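S.K.: Listed below, chain by chain, are the residues.
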Amino acid sequence: MRPPADAIGTLALIVGVIASVIFIGVEAALVYAIWRYRASRQFAGEAATFERNRRLEIAWTAAPALILAVVFVLTLGTMAEINGAGVTPAMRIAATGHQWWWEFGYGGTKTANELHIPVATPIDLDLTSADVIHSFWVPELGPKMDMLPGTVNHLRLFARRAGSYDGQCAEFCGIEHAWMRIRVVVQSQAEFDSWLAAQNLPVASPGGDGERVFLSNICVNCHTIRGTAAAGTAGPDLTHVASRATIGAGVLPNDVARMRAWLADPQRYKPGSLMPSVPLSDADLDALAAYLGALK
Amino acid sequence: MSRAVSLERSPRIVEDRVLLGVVIFIASESVFFLAIVLAYVAYRDAGLATAKANLDVGRTAIFSIALFASSGTMAIAGRTRSRAWLAATMILGAIFLAGQGSEYARLLSEGIGPGSALFGTTFFTLTGLHGIHVLAGLVALAALFTAHLGRARAVGAVAWDAVSLYWHFVDAVWVVVFSVVYIGTLL
Amino acid sequence: MTAIPLWVRRPAAERVGWLRTVDHKEIGVLYIGMGVAFFALGGLEALLLRAQLATPEATLVDPETFNQAFTVHGVTMILLAVVPLLVGFANYMVPLMIGAPDVAFPRLNALSFWLSLVGGIVLYFSFLAGGAPDTGWFSYAPLSERAFAPGTGVDYYILGLAVNGAGTIIGAINLAVTILLMRCPGMAISRVPLFVWMTLVTSVLILGAYPALTAALVMLLVDRQLGGHFFDPAGGGQAVLWQHLFWFFGHPEVYIMVLPAMGMISEVIPVFSRKPIFGYGFVAGSSVAIAFLSFGVWAHHMFAVGLGDTENAIFGATSMLIAIPTGVKVFNWIATMVGGRLRMTTAMLFAVGFIAMFVIGGLSGVSLAVVPIDLAVTDSYYVVAHLHYVLFGGTMLGIFAGAYYWFPKMTGRLLSERLGRWHFWLTFAGFNLTFLPQHWLGAAGMPRRVFTYAASTGWGPLNFISTIGAAILAVAMVVFFVNLFRSLRSGEIAGDDPWDAFTLEWSTTSPPPPENFASIPAVTGRRPLWDRKHPEARDKR
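Residue numbers (the working numbering), protein chains in the order written: chain A, 1 to 296; chain B, 1001 to 1187; chain C, 2001 to 2541.
Just so you know, not all the hints are guaranteed correct.
Unchecked claim - Restraint ranges, calculated between C-beta atoms of paired labels, are given here:
(1) B:V1139 / C:P2513: 37 to 47 Å
(2) C:S2456 / A:V21: 52 to 62 Å
(3) A:N217 / B:V1041: 49 to 59 Å
(4) A:A257 / C:S2456: 34 to 44 Å
(5) A:A234 / C:G2227: 18 to 28 Å
(6) A:I24 / B:V1180: 36 to 46 Å
(7) A:R55 / C:R2486: 44 to 54 Å
(8) A:N217 / B:S1109: 27 to 37 Å
(9) B:G1111 / A:A257: 53 to 63 Å
(10) B:G1115 / C:A2058: 41 to 51 Å
(11) A:G232 / C:W2114: 45 to 55 Å
Claimed, not checked - Below, in silico cross-link-like pairs of lysine to any residue (SDA-like), each with a Cα-Cα straight-line distance of 20 Å or less:
(12) A:K110 / A:T10
(13) A:K110 / A:C222
(14) C:K2540 / C:T2524
(15) A:K296 / A:G108
(16) A:K110 / A:A80
(17) C:K2533 / A:T61
(18) A:K296 / A:D131
(19) C:K2540 / A:N53
(20) C:K2533 / A:T49
(21) A:K296 / A:V152
(22) B:K1052 / B:A1042
(23) C:K2533 / A:S243
(24) C:K2540 / A:A47
(25) C:K2540 / C:G2236
(26) A:K296 / A:E140
(27) A:K110 / A:S194
(28) C:K2540 / A:E46
(29) A:K296 / A:E103
(30) C:K2540 / C:R2274
(31) B:K1052 / C:G2236
(32) C:K2540 / A:E191
(33) A:K110 / A:V15
(34) C:K2533 / C:A2522
(35) B:K1052 / B:G1111
Derived from the structure by calculation, the hints contain no laboratory data.
Predicted model only: the values in this text are computed from it and were never measured.
A virtual CB, placed ideally from N, CA and C, is assigned to each residue, including glycine.
In isolation and in its complexed conformation, chain A is listed as follows:
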């Protein structure tokens, strides 16, 4: 199958060319009429008096109608294609929108904010929301689709080239809507398989000081780290948090120093987000950041 973005691109090109022709034609006619018939130009005689021409009006009503009919037929074809008509997806990934982060589920394994898919493979996302309406949109990969609470929508992905593609939430979802970024990492099948295998593994426990800090604070109320007792689901799954490129759905790059800064005061970087600022000692912060930074 063709990537949905390509199918849309072709249709957009056709529509764009038609629109450009109409635009140039109409604006030129307008400018010409002003230039030719302006009163300051010396020409004899009064204004004309004609005020109707049935045939002309029917013609200039029928012509656009015809053009639109053709475009509509092309539209139907593209609609079917981008939904992946006749192409079975190789895998389904569950995507759930939260205020203001993304949950991705590969079977029982959950990750957040960064979606990995194999290249040149039709994938279906099953989209829903845990709270308000969000919208999954990665422009280079195809159309967007809303995520509604209480419903499951579907979006077909098919990436032609490996690489990193960025997008963000496209339905206003509250105070931090602007920082609900998505990263899609398109990998070869082999790389994807090894990535998924790594994601499936629980962490080694016990994990030292950092794990102690994590488990003895309110972190466990919202976050899961598989392999430990932490099983909260209100916030992103942190089992392999260090494997992700950003923190907070794009608001900070992910390294130990920035993770420490985030942990010290998440409200500073993403005010209004649902992660409270928890007062921790410097030693605890260091340990926690180091611990999370090792969860690759």
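Got chain A sorted already, so can you dock chains B and C onto it with the hints?
M.R.: Just chains B and C now, kept in the frame of chain A:
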């Protein structure tokens, strides 16, 4: 100039601005009710069990007859400009509202309210909005009644027709609501 | 001459204050004043938004303030600026254009103004009462439910819009009855000026659309205050019901905003081309077609919601269909100019500007009717660009055309043509600089309603250009306000008919007397004043 002309009675409805205004107003209120009814219908299946278990169709039918009869008395009142028939309309309308109120009290005492479940939300909203419109109609009827207490025929004939139209509208809405909500539980 | 605008002086017999007036002309001025004031407020909100977005990751404004600003900006411009401006001109001009002494229900007319204004005040009061609504002008559920919008902002939104909407509905009843039943002798419905036709069709749209909004607002209020579940999936409701109801109102609303402006330029272009409008029948008829179709396209705002291919295809088809009657009017206007003797006054400049900008907005609109393209660019700055091209480049330019055209009739003085030209060209440049780049921003992936954006996106330069455009627009508006206030005090005296125009409002004094006409005229064609001035060349219809 226009003020003197505006309330002149005319045999054909379209020539009379007040009646046309009331008709157009009723049309727009119909769109409003249609939206609420459609929402009720869209959510009907989810709440049908609760509706069947808790609505008293027979009792409400009796109070509905009062409302339907009030349209009849209003028609006579309008034709004869009779305060007595106008009063009868108001009494029948008030009986309907009292019946609605007792239905609400019964449901609320059983824990069914606008916040309880989907049926409660849609039922109370739809019937409540209708009830508010009935109340507004009663106020209009009362205004018409008291306008005639001082001087006989103090109000132009069109006022009777206008209020009458509105009252029939409120009645017609109840035909729809009663059918969809109550009779719908019998299907 | 006098420093006081002529329309403030009233005959001794009718000395009621502005607060108690029931005269359609004064109510028209009140509406226009309300529209101008809220347009300024909405403009300031826009400047705040553009200032924050000029550079990536800016911290000029915090996200909560930004979200309140764009929410209130949308409601303000649509419901408190554009609609009152259009209703204001309709109130003032329609009775004059049909030879009537006032509207059908003068006291209801006053009520509808005050309700419209109070609705706006209620909305703005929210800034002082715990925060303005911050869920977007279309306030989707469940974001607007208590659980996610716990403050009182959304409740003020509901109340403000409901009261404002009641005023608009009552006003529409008034205008419809006036046009249907108060035309002077000889003015058949096929002879009324096109502005009157558009007002009639717009009134019908209001009466069909606003009640749906009221219903949605009532349901949201029940959810928020009585614990209801209309839009609450956990309780069995559906978030999408709000969207259906809102857009059933929302789409006709955009035609409510554009048709009267099309009516205005349909008056201006013939007068300044010295020719009758080309294809009166088609222009009037197409507006009726738009009225019908506009109730059948609403879900094109919901293509990405997941309704399914069949529903999307149907609404895509109807949306393409409605483009036809909307678009061919452009040909009618150009054909009116062809063969004419064009006087490029400021009013005519704005009318021509309307056409030029509306073509762009119309084409981007048709592209959005193509479902797959919409799925790519909806909810992005592409849509922001589209809507501003039709509502600012279209409607606002049309309103400016009407303002320059009718200001002399309303005040007895002309607006300065010199300042008018500055106003026009600054507006034209500023507007295009602001909104043309936004097409690219949307296609590149910038969503709507974001208080900032990552520097890594590369959206900075185009956003910066857009903000420069907004600053130029602000200057243009200052020029306009200067023109307005200066001309009110000392503008050139206009006389009854400064433009040598065609329709009845120009046959009475500027401003008109309280009863509008010394005697009710009889009419034999579509251009009664032209017929009177050129009896040998009178119109045949």
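S.K.: Would you mind marking each hint as holding or not holding in the structure?
M.R.: Hint check results:
1. B:V1139 / C:P2513: 37 to 47 Å: holds, 38 Å
2. C:S2456 / A:V21: 52 to 62 Å: Since the Cβ atoms of S2456 (chain C) and V21 (chain A) sit about 36 Å apart, the hinted range of 52 to 62 Å is violated.
3. A:N217 / B:V1041: 49 to 59 Å: Check passed, 51 Å falls within 49 to 59 Å.
4. A:A257 / C:S2456: 34 to 44 Å: Distance hint for A257 (chain A), S2456 (chain C) is violated at roughly 19 Å.
5. A:A234 / C:G2227: 18 to 28 Å: holds, 23 Å
6. A:I24 / B:V1180: 36 to 46 Å: Hint violated: Cβ distance 55 Å, outside 36 to 46 Å.
7. A:R55 / C:R2486: 44 to 54 Å: holds, 49 Å
8. A:N217 / B:S1109: 27 to 37 Å: Because 47 Å falls outside the window, the suggested range is violated.
9. B:G1111 / A:A257: 53 to 63 Å: Distance hint for G1111 (chain B), A257 (chain A) holds at roughly 56 Å.
10. B:G1115 / C:A2058: 41 to 51 Å: holds, 42 Å
11. A:G232 / C:W2114: 45 to 55 Å: holds, 53 Å
12. A:K110 / A:T10: With a Cα-Cα distance of about 36 Å, the restraint between K110 (chain A) and T10 (chain A) is violated, given a limit of 20 Å.
13. A:K110 / A:C222: Roughly 14 Å separates the two Cα atoms, so the pair holds.
14. C:K2540 / C:T2524: OK: K2540 (chain C) and T2524 (chain C) at ~8 Å, within 20 Å.
15. A:K296 / A:G108: Within the cut-off at roughly 18 Å; holds.
16. A:K110 / A:A80: violated, 31 Å
17. C:K2533 / A:T61: violated, 35 Å
18. A:K296 / A:D131: Given pair K296 (chain A), D131 (chain A) is violated - Cα atoms ~29 Å apart, limit 20 Å.
19. C:K2540 / A:N53: Between K2540 (chain C) and N53 (chain A) the Cα gap is close to 15 Å, so the pair holds against 20 Å.
20. C:K2533 / A:T49: holds, 16 Å
21. A:K296 / A:V152: Distance ~31 Å between K296 (chain A) and V152 (chain A) Cα, so the pair is violated.
22. B:K1052 / B:A1042: holds, 17 Å
23. C:K2533 / A:S243: violated, 83 Å
24. C:K2540 / A:A47: holds, 17 Å
25. C:K2540 / C:G2236: violated, 62 Å
26. A:K296 / A:E140: violated, 27 Å
27. A:K110 / A:S194: Holds. K110 (chain A) to S194 (chain A) sits at ~16 Å (cutoff 20 Å).
28. C:K2540 / A:E46: Given that 20 Å is the threshold and the Cα spacing comes to 18 Å, the pair holds.
29. A:K296 / A:E103: Distance ~17 Å between K296 (chain A) and E103 (chain A) Cα, so the pair holds.
30. C:K2540 / C:R2274: With Cα atoms ~16 Å apart, K2540 (chain C) and R2274 (chain C) stay inside 20 Å; holds.
31. B:K1052 / C:G2236: Holds. K1052 (chain B) to G2236 (chain C) sits at ~18 Å (cutoff 20 Å).
32. C:K2540 / A:E191: Given pair K2540 (chain C), E191 (chain A) is violated - Cα atoms ~80 Å apart, limit 20 Å.
33. A:K110 / A:V15: violated, 41 Å
34. C:K2533 / C:A2522: holds, 14 Å
35. B:K1052 / B:G1111: holds, 15 Å
Violated hints, listed in ascending order, are 2, 4, 6, 8, 12, 16, 17, 18, 21, 23, 25, 26, 32 and 33; each of the other numbered hints is respected by the structure.
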